[in-house]
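Student: Protein chains in written order, with the numbering used here: chain A, 1 to 387; chain B, 1 to 387; chain C, 1 to 360; chain D, 1 to 360.
Just so you know, the hints here were simulated from the structure itself, not pulled from any lab data. Note that beta-carbon positions come from the ideal geometry of N, C-alpha and C, so glycine has one too. Be aware that a few hints might be false.
Said to hold, decoys possible - In silico lysine to any residue, SDA-like type, Cα no more than 25 Å apart, as pairs:
#, chain 1, residue 1, chain 2, residue 2
1, C, Lys287, D, Glu216
2, C, Lys340, B, Glu385
3, B, Lys150, B, Arg178
What the hints assert, rightly or not - Beta-carbon label-pair distances, calculated as ranges:
#, chain 1, residue 1, chain 2, residue 2, range
4, B, Ala376, C, Arg73, 47 to 57 Å
5, D, Glu212, C, Trp358, 13 to 23 Å
6, B, Arg267, A, Gly112, 39 to 49 Å
7, D, Ala320, B, Ala387, 57 to 67 Å
8, B, Glu302, C, Arg73, 16 to 26 Å
9, A, Val303, D, Glu279, 27 to 37 Å
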Amino acid sequence: MSSETREDLIAEVSRKFGISPEDYMLPARHMINLLNPDGSLRSHEEQGTEPGHEYPLPSPAELIRAYEALVVGRRVNDQNSALVRQGRMAVYPSSHGQEACQVAAALCLQDGDWLFPTYRDSVAVMTKGVAPMEVMTSFRGEWHCGYDTKQYKVAPMATPLTTQLLHAVGVAHAAKLRGENTVVVAMCGDGATSEGDFHEALNFAAVFHLPVIFFVQNNKYAISVPLSSQSAAPSLAHKAVGYGMAGERVDGNDLIALMAIMGRAVRLAREGGGPLLIEAHTYRMQAHTNADDDKRYREDAEVAEWVAKDPVKRMESYLADSGLLGDEVSERISAHAEQVAKTLRDGMNQEADTDPAELFNHVYSQPTAQLKEQAALLADELAREEA
Amino acid sequence: MSSETREDLIAEVSRKFGISPEDYMLPARHMINLLNPDGSLRSHEEQGTEPGHEYPLPSPAELIRAYEALVVGRRVNDQNSALVRQGRMAVYPSSHGQEACQVAAALCLQDGDWLFPTYRDSVAVMTKGVAPMEVMTSFRGEWHCGYDTKQYKVAPMATPLTTQLLHAVGVAHAAKLRGENTVVVAMCGDGATSEGDFHEALNFAAVFHLPVIFFVQNNKYAISVPLSSQSAAPSLAHKAVGYGMAGERVDGNDLIALMAIMGRAVRLAREGGGPLLIEAHTYRMQAHTNADDDKRYREDAEVAEWVAKDPVKRMESYLADSGLLGDEVSERISAHAEQVAKTLRDGMNQEADTDPAELFNHVYSQPTAQLKEQAALLADELAREEA
Amino acid sequence: MTATASAVNGNVSAETAQAAAAKAAANQPVTFGKALNTALADALTADESVVIFGEDVGVLGGVFRITDGLTARFGNTRCFDTPLAESGIVGMAVGMAMNDMRPVIEMQFDAFAYPAFEQIASHVAKMRNRTRGRLPLPMVIRIPYAGGVGGVEHHCDSSEAYYAHTPGLKVFTPSTVSDAYLMLREAIDSPDPVVFFEPKKLYWSKDQVDLEELAEQYESQRAAKAEGKARIARPGTDATLVTYGPSVSVALEAAKIAAEEGRNLEVIDIRTIVPFDDETVSASVRKTGRAVVIGEAQGFVSVASEITARIQERCFHSLAAPVLRVTGFDIPFPAPTLEKHHLPSAERILDAVDQLQWEA
Amino acid sequence: MTATASAVNGNVSAETAQAAAAKAAANQPVTFGKALNTALADALTADESVVIFGEDVGVLGGVFRITDGLTARFGNTRCFDTPLAESGIVGMAVGMAMNDMRPVIEMQFDAFAYPAFEQIASHVAKMRNRTRGRLPLPMVIRIPYAGGVGGVEHHCDSSEAYYAHTPGLKVFTPSTVSDAYLMLREAIDSPDPVVFFEPKKLYWSKDQVDLEELAEQYESQRAAKAEGKARIARPGTDATLVTYGPSVSVALEAAKIAAEEGRNLEVIDIRTIVPFDDETVSASVRKTGRAVVIGEAQGFVSVASEITARIQERCFHSLAAPVLRVTGFDIPFPAPTLEKHHLPSAERILDAVDQLQWEA
Ligand SMILES: Cc1ncc(C[n+]2csc(CCOP(=O)(O)OP(=O)(O)O)c2C)c(N)n1
Ligand SMILES: Cc1ncc(C[n+]2csc(CCOP(=O)(O)OP(=O)(O)O)c2C)c(N)n1
Ligand SMILES: [Mg+2]
Ligand SMILES: [Mg+2]
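Given the sequences, and given the hints that come with them, work out the whole structure.
Tutor: Take a look at the structure:
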């Protein structure tokens, strides 16, 4: 695209918000934060919003729907961790503490929109509609990805860090070329922002002016490595400037702020405003995975501080205090969460049983002559074992 | 490094210039430009300088020295292009039009400092002291790199784009660990800023707070691809913000501005101010290499516009008008440039004659048994050919 | 690479070949590069999900002009330049293929595909498998490769082994003008990702082929087409030279010299390294009893190693001598003035043939 | 998928590590991981230009705890964490080696070295050659590799072929506890860049070795040391199993079963894939007349292909049967519950041995 077009667009978006183009790209001076840790609504002055960065509250119906997903997400995280401890699941990178981010990333999207999650984003994947057992296939060790990515418009959970951001860009680009109005949310962690593919993805999205929202869950650690060893930037949201896109930071344990920000981001992107970078400040409350020992690199006191900022309790208090969450709704939500947890427990008790012949069926559209020979060798071995 | 330390450092540097930390990182609002295209000095108001971005003029002696390198650089560029046309040199990516950048990048460094050039930076390499014929070894097709990189503290001219920026970071890091006061200038083009290694290099330099100056010659094209297809950022210098480092843009055809900026950058880096990103606005006046046909992707009129901004003429006018360049000096400089050109012509007339056995000698410290066998095979073939 | 070469192609019937030859005689010779360019244009025409992108492939037409004129003809949404970032190019192509496009991307030179290695090895190759077949990635990664053109460092790597070793990728490399056309069309239509290696030194080679007729032939035989067949580039009886891409012409040259000396060598052009055509290779070696495998890449852990290993596994009792290899040395690709010493030459191939224990 | 599975995705528990340390002190069996850890510590002590860095190698001690305690003992300028970027890690190491340091870097898992592929193939491998020997790059890239631990996708690749095919790199892979120590010391002291492959599944394997004694042995024999020697892991007479790294123990297991059945197999541990020890391998196969080459990686264009090709080239007339290969299938590394079908097993090796035409 010519530089005129680009500048016009930025100028237009910034006019819309009554701010300078550079101010449009720079995140608001303070992180956007609507709810206090105790669940009370912050005064307008304290919200971090400023001209060009205004964020109205979502509707009560939206909030209840999001809260339900939040409660289910927490329950699934904790159920899975229990299943891992019991040896019934191989590994689980829990997003305990980050569920508000998970829920907002999925709920801001419409049906035709795509989600690009990482290994940590099971709850987002579920929230977008994938059946819990399908989500957990890979963590169970059965197969690499257990759901139909095209049906759900959810990419496989990515392990090689930030590689998936480029795929998100490609999906958005293909949609744009066909004139489809698809928005894509592409997720990664704070550590992942250091990878080269992060840079290439943001740059491609900006140059091709694509509706991709890069959503960084800054949970302060990449396994053991703290943010300060990862970046010297004023904030990760400031990285947007270098690509000519807008960045924003938000309290990642404040579901209301997240919904407001992601909602606006999706709207702007769908209207042709180009890509955006959102940094959510949150915390990985548990170890990296069950295989990690977080006591080696952080203090209990630090973790405790974040317990006080828990996203679930915060939302619950807000809804209760504002009269949106009656006992009946609350019970229905709990029951739903228990039901999902039971599905997982029951599913994990079933023996997985994948036909080894499957190994050769999905390498190419048709097995090559070589693969047929190899499949025959294995089949012969298995037959002899049986005999 | 802890985030406190980093913030302290930024705070300190910005205090020094009386500006906010964010303003320290953001480039000055306008490109720094001290000389008009006609060689006249711009008024202070027009220079683009502002608080925190002040650039005093270099001394007359420095200017004459730089001018000499500029004239020699131009002569070498044009001599090499002629040699290529005559078929006496295989390929040459000329920096014709960018010589001011080349000269400033080399002259700002002291003896112990390192330079990391690209294929386009022969003139910078020469200016740092490497003998012209040694610089051209690779373009002659004799060997990959013709000079002693450690003796000159000049890395091999890099072809895989921006890979060398990371090497520059490593050299600076090693020096820092040993307590040496080495500054490193790492060069790349506008197109190269899109590569993942650019991102990783800037981030590593910022996180480890290393004295590396990333010097981007924005010559508006990456082969045929214009800047607008490369980046949507307000400027390439703005990319600094995302790493928490300072960026600045400068007129890359204004040798005086370049010397002022690079001089200050080296000083700041040596004093522990961390890495910096400098974007020089210049223009590749000729084709990418002799193999390229630039008429396919740009208008003659655009090239003509830049002829008017030629860095050599501009500097010559300035020096002549301000009485710094007498006939005697001018003649001495011309004679020097001719001498260098003659060295190149004479050298290129000599047959290159590399012993094929050399092929096997530098793969490992000692040839492996396999390489010895292969060397014997070739030696046998050559012996039979002779016979 | 003459008319004979294309006529021997197993897919062309005798009459068709003759007719083609007659018609081609009336035409100007076509370059390998033009055949690729036409294949891209025809694919863009045939399938609107095909998109072409990479560095300098737009207005410039690529540094080798293989995409010349495509942006002008099809518009810059079908053929366009990207920012300068190979991982970005491949990664974006993955996403576009996920979303039902067929990207055909160009890596400017062999060694400049390396920044994309993670995307290729961890995603392009594995996506279909990871998703149990639900997310195929039909895409083509075009890579100009190999030496013989006096290229400078990093511009002459033969990197096919890296990709051939990576399950999930198909690896094609044409050696004739008509294969340049046909195989590129095949690669683009393949439901699997194909790494398509173009021998740089052949870009300017010419042959008498009628591209329009080839296009018709391709369209009509498309369904029946058996992908992954090797080609007997020259039939022979005394020993088999097995090779591909840039080395096919060298092997043919060696066979010609050998013929003058009374040895009748068969030359096999592998064409598709993956999938590999064991049948054709084994049949030939069982017939001749001797084989030399030729490849320009450094020999250690190379495609030539694989072919050598397979031949001795499958034809052991037919072999009169060990299978020998003639490959590039195990050194980084040399500087231009030295490459002639590195590249397999007809002489070096003939030396190897001489060692195939003819006395025994 | 219980204890082993969790091990792959991270970490040995603190107790396990402590226990291991305590045992070693009392001259109890030493783990492979501890031997590596001690080699790093001894190298840091012996040579102040050695620096260690990578992802999580600092305070955490690496996800496999191979760098455990090094930051505490040597300070965070000798062993430190970097930002999360593998190309950055390798590229910075290149620069540090250019400036007279000896970087020893860790890639967290095999597939996560791929983002660094350009730095490795175009610079680490070529810098000495590009500069005619003036800019050697003594550095070690440690890569935990291969399967057998129930790891998830992208955590179990056997990627040695990519590096072995790249001239300028040395490729080491130890299979015993004492080699873990000795070969890592050798790699660090090598004037050439070494890609050092650590079989993940061996990290917790144990052997009775006295690390202090090994250290002394290493120091005293250092000058005389002939790098690149294969090891006869088990002498035998009837056939030769050639392998390396994670497959050595499997080959030994097969040999043990074969012995019970009356067949005396020789097992060769290659140790250094580059440089390759033709002498030891050829001598063995000439003696036994039969060979099976075993490797965990997918077999196509693999190190096993190379070894197979070399053996038949060099020992053709001693061979009673073709050289056979037992390798991983040509598929992406399978999910944990399926890997047992993919990995070469003692049974599969014995099946291959059975096919070595014993009747003939
Ligand atoms: C390319 C690559 N390198 C290394 C890894 C190993 N690894 C897995 S998760 C992780 C840390 C990621 O941190 P962050 O991006 O902050 O995400 P978080 O785990 O905190 O959600 C690392 C290093 C990987 N998966 N991919
Ligand atoms: C990794 C890599 N990809 C592609 C190339 C091929 N290539 C050489 S120069 C060039 C354009 C570079 O443009 P820029 O960075 O602006 O530098 P300039 O040539 O304008 O000085 C390209 C694409 C390369 N050398 N390395
Ligand atoms: Mg994190
Ligand atoms: Mg440029």
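Student: Assess, step by step, whether the Cα of Lys340 of chain C is no farther than 25 Å from the Cα of Glu385 of chain B, and give holds or violated.
Tutor: 14 Å, holds
Student: Taking the beta carbons of Ala320 of chain D and Ala387 of chain B, is their distance inside 57 to 67 Å?
Tutor: Violated - the Cβ-Cβ distance for Ala320 of chain D and Ala387 of chain B, about 41 Å, lies outside 57 to 67 Å.
Student: Taking the beta carbons of Val303 of chain A and Glu279 of chain D, is their distance inside 27 to 37 Å?
Tutor: With Cβ atoms ~58 Å apart, the hint is violated.
Student: Compare the distance between the alpha carbons of Lys287 of chain C and Glu216 of chain D with 25 Å, and conclude whether the hinted pair is satisfied.
Tutor: Since the Cα atoms of Lys287 of chain C and Glu216 of chain D sit roughly 59 Å apart, the hinted pair is violated (cutoff 25 Å).
Student: Return holds or violated for the Cβ distance of Glu212 of chain D and Trp358 of chain C against the range 13 to 23 Å.
Tutor: With Cβ atoms ~59 Å apart, the hint is violated.
Student: Does 16 to 26 Å hold as the CB distance between Glu302 of chain B and Arg73 of chain C, or does it fail?
Tutor: 25 Å, holds
Student: At the C-beta level, are Ala376 of chain B and Arg73 of chain C separated by a distance inside 47 to 57 Å?
Tutor: 54 Å, holds
Student: Taking the Cβ atom of Arg267 of chain B and the Cβ atom of Gly112 of chain A, is their distance within the range 39 to 49 Å?
Tutor: Since the Cβ atoms of Arg267 of chain B and Gly112 of chain A sit about 55 Å apart, the hinted range of 39 to 49 Å is violated.
Student: Holds or violated: are the alpha carbons of Lys150 of chain B and Arg178 of chain B at most 25 Å from each other?
Tutor: 17 Å, holds
When held up to the earlier numbered hints, the structure conflicts with 1, 5, 6, 7 and 9 and fits the remainder.
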